[in-house]
Structure formats: structure tokens, C-alpha cells
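Novice: Protein chains in written order, with my numbering: chain A, 1 to 170; chain B, 1 to 92.
Among the clues, some could well be false.
Unchecked claim - Okay, derived cross-link-like pairs now, DSSO-like style, lysine-lysine, Cα gap no bigger than 27 Å in a straight line: (1) Lys-38/A - Lys-67/A; (2) Lys-38/A - Lys-27/B; (3) Lys-103/A - Lys-29/B; (4) Lys-87/B - Lys-49/A; (5) Lys-100/A - Lys-52/B; (6) Lys-65/A - Lys-52/B; (7) Lys-54/B - Lys-49/A; (8) Lys-103/A - Lys-85/B; (9) Lys-29/B - Lys-38/A; (10) Lys-54/B - Lys-65/A; (11) Lys-10/A - Lys-29/B; (12) Lys-103/A - Lys-27/B; (13) Lys-38/A - Lys-87/B; (14) Lys-14/A - Lys-49/A.
By construction, these hints were calculated from the structure, which means they are not laboratory data.
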Amino acid sequence: MSDRVEVTGKEVDKLYERLNREAEASGYHLNTDVEHTKDLVEGLLVNEKRYGYWACPCRLAEGIKEKDLDIICPCDYRDPDLNDYGTCYCALYVSQAVLKGEKNLGSIPERRPSSEERKRAKPKSIAKGVSSLPLPVWRCKVCGYLCAREDPPEVCPICKAKKERFERFI
Amino acid sequence: MEMKHVKGKNKGNIMMYALSTCGWCKKTKRLLNEMGVEYDYTDVDLLEGEEKAKAMEELEHWNPRRSFPTLVINNECIVGYQEEKIKEAIGA
Ligand code: SF4
Chain A
1 MSDRVEVTGK EVDKLYERLN REAEASGYHL NTDVEHTKDL VEGLLVNEKR YGYWACPCRL
61 AEGIKEKDLD IICPCDYRDP DLNDYGTCYC ALYVSQAVLK GEKNLGSIPE RRPSSEERKR
121 AKPKSIAKGV SSLPLPVWRC KVCGYLCARE DPPEVCPICK AKKERFERFI
Chain B
1 MEMKHVKGKN KGNIMMYALS TCGWCKKTKR LLNEMGVEYD YTDVDLLEGE EKAKAMEELE
61 HWNPRRSFPT LVINNECIVG YQEEKIKEAI GA
């Protein structure tokens with residue numbers, strides 16, 4: 001059995017405050033069911049100690065970063081799930097409608113493709129025909145932020161996803 | 001495979017595949033505890049090697065998407081935290 005990883009309440013509160021601040025600053029919202037939200041924040045901290053990154057608390061991580069990249073929080077599936085269900089898979093992030101109580105929360109279907117489907121999926125091809133652009137365009141796979149520069153930024157200025165979550169778009 | 005047993009009223013065979021870090025799994029465990037029923041569960045993320053692979057294989061049999069929580073109540077499979085369905089299946 002894996003070693004139990006301990007996380008203190010103080011660590012949870014600190015990360016909770018930070019995520020809440022960052023979410024509100026960029027138009028996202030944490031779930032106001034604080035017990036649930038803090039459970040998830042604790043899960044993120046446990047996974048950080050266990051794997052070295054914020055693997056989604058509600059999915060089984062492989063423990064190999066390249067294979068888990070799409071489920072590092074915030075995951076590639078958060079924004080489509082917010083659009084379709086008003087919540088991310090774990091219900092850490094929720095939409096405005098949920099916040100206002102117009103929509104009830106529950107488990108939602110898993111959108112992440114199975115490991116076989118992920119293996120088969122080819123990386124998206126870069127849009128052609130605009131090769132005259134002076135700079136490449138990078139897209140954040142988490143939130144869709146686009147920027148034209150030599151390399152992607154260290155951290156997405158919108159959703160705080162790290163550089164490795166960017167793909168060449170044009 | 002290591003199973004954790006929670007004592008309570010016997011309402012038949014209740015088995016749960018969970019992750020120790022998952023919010024909906026915690027909510028499901030709380031619901032079962034509140035209902036005071038007897039059940040077994042395993043936190044798959046705390047297993048290793050062969051034991052983990054075996055648990056995932058078993059889970060796949062019930063739920064091909066292998067998502068959490070997966071609850072098996074007297075051979076009926078419920079995926080996700082679905083309060084009403086769970087209560088109905090247990091007969092509370
Ligand atoms: S954003 Fe994605 S990774 Fe983060 S808690 Fe929600 S579902 Fe999990």
C-alpha cells in the first residue's frame with residue numbers, strides 16, 4: 001500500500017484562498033460548498049506530494065507526468081464541462097448559474113477519453129495557409145488563451161496553467 | 001485485494017470503488033455512513049502494483065469507463081454520486 005500522505009489544515013486553507021483569489025480574478029468560481037471544495041484542495045495537495053503535480057483528485061493518475069498532463073488541475077476538460085454542466089468533473093470549479101443557485105450539482109459524466117482513445121488520438125495539425133505570420137501562435141489547452149510570440153509564456157495569464165499545457169495553434 | 005469494511009445494518013452486498021482524494025467519493029461514503037449501512041470499499045489510489053491492476057480490472061467489469069466512485073449494490077452498478085439512486089437501490 002502507498003504511504004499515506006499527510007496534509008495540514010493550514011496548507012489546505014492557504015491553497016484554498018489562493019485558488020479562490022485566482023479564480024475570481026479571471027472569471028472562474030470555486031464551488032461554494034466549502035467542505036467539498038476543501039476536500040478537493042486537500043486531494044490536490046496529497047497528489048502534489050505523491051506525484052509532484054496537481055493530478056485531478058477525482059481521477060486515477062498514472063504518476064507519469066506526460067501521461068497525466070491533461071488531468072493536471074485545472075484539467076483540459078474543465079471549461080467544456082463548465083459550459084455543458086456548469087461544473088468541472090470534481091465540482092471544484094462551478095459556473096455563474098450554479099453559483100446563483102439556478103442549477104443543482106451532482107456527479108457529471110467523465111469526458112476524458114479512455115487511455116486507449118488517448119493513445120490513438122493524433123496531435124492536432126497546425127493551421128496552414130498563414131505561414132506568412134511573423135510569429136507562431138500558441139494556445140492554452142486549458143482555457144483557449146492565444147498569444148503570438150516565440151515561445152509560450154511560463155504560466156497562462158488567464159488560467160495559470162503551466163507552459164507545457166500550451167500547443168502550437170498557428 | 002485489500003477491502004475496508006464499515007460496520008452497519010446489513011442491506012445486502014454493497015461494494016464501492018473509490019479514490020482517497022476524490023470529493024464525490026467522500027460524499028458517497030458520508031451518505032452510506034449516515035444511512036448506517038454495512039459496506040466494503042477500496043481506495044484504488046492507495047493500492048500498488050498487481051493489487052491496483054486487479055482492482056481496476058474488477059472495476060472495468062462493472063464500469064468500462066473506470067471512473068470513481070463506482071458503487072455496486074446487490075449487483076446493480078451506480079456510477080458517480082447519485083443520492084436518490086443510491087438510496088433507492090439500498091431501499092432506504
Ligand atoms: S478542474 Fe479538472 S482537474 Fe481540477 S478539480 Fe476540476 S475536474 Fe479535477
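Novice: Against each hint, give a clear statement of whether it holds in the structure.
Specialist: Going through the hints against the structure:
1. Lys-38/A - Lys-67/A: This hinted pair holds, its Cα atoms lying about 26 Å apart.
2. Lys-38/A - Lys-27/B: At roughly 13 Å apart (the allowed maximum being 27 Å), Lys-27/B and Lys-38/A satisfy the hint.
3. Lys-103/A - Lys-29/B: Holds - the C-alpha atoms of Lys-29/B and Lys-103/A are around 24 Å apart, at most 27 Å.
4. Lys-87/B - Lys-49/A: Distance of about 36 Å is beyond 27 Å: violated.
5. Lys-100/A - Lys-52/B: violated, 40 Å
6. Lys-65/A - Lys-52/B: holds, 19 Å
7. Lys-54/B - Lys-49/A: Distance of about 25 Å is within 27 Å: holds.
8. Lys-103/A - Lys-85/B: holds, 19 Å
9. Lys-29/B - Lys-38/A: holds, 16 Å
10. Lys-54/B - Lys-65/A: Roughly 23 Å between the alpha carbons, so the hint for Lys-54/B and Lys-65/A holds.
11. Lys-10/A - Lys-29/B: holds, 24 Å
12. Lys-103/A - Lys-27/B: holds, 19 Å
13. Lys-38/A - Lys-87/B: holds, 26 Å
14. Lys-14/A - Lys-49/A: Holds. Lys-14/A to Lys-49/A sits at ~16 Å (cutoff 27 Å).
Against the hints set out earlier in the document, violations occur for numbers 4 and 5.
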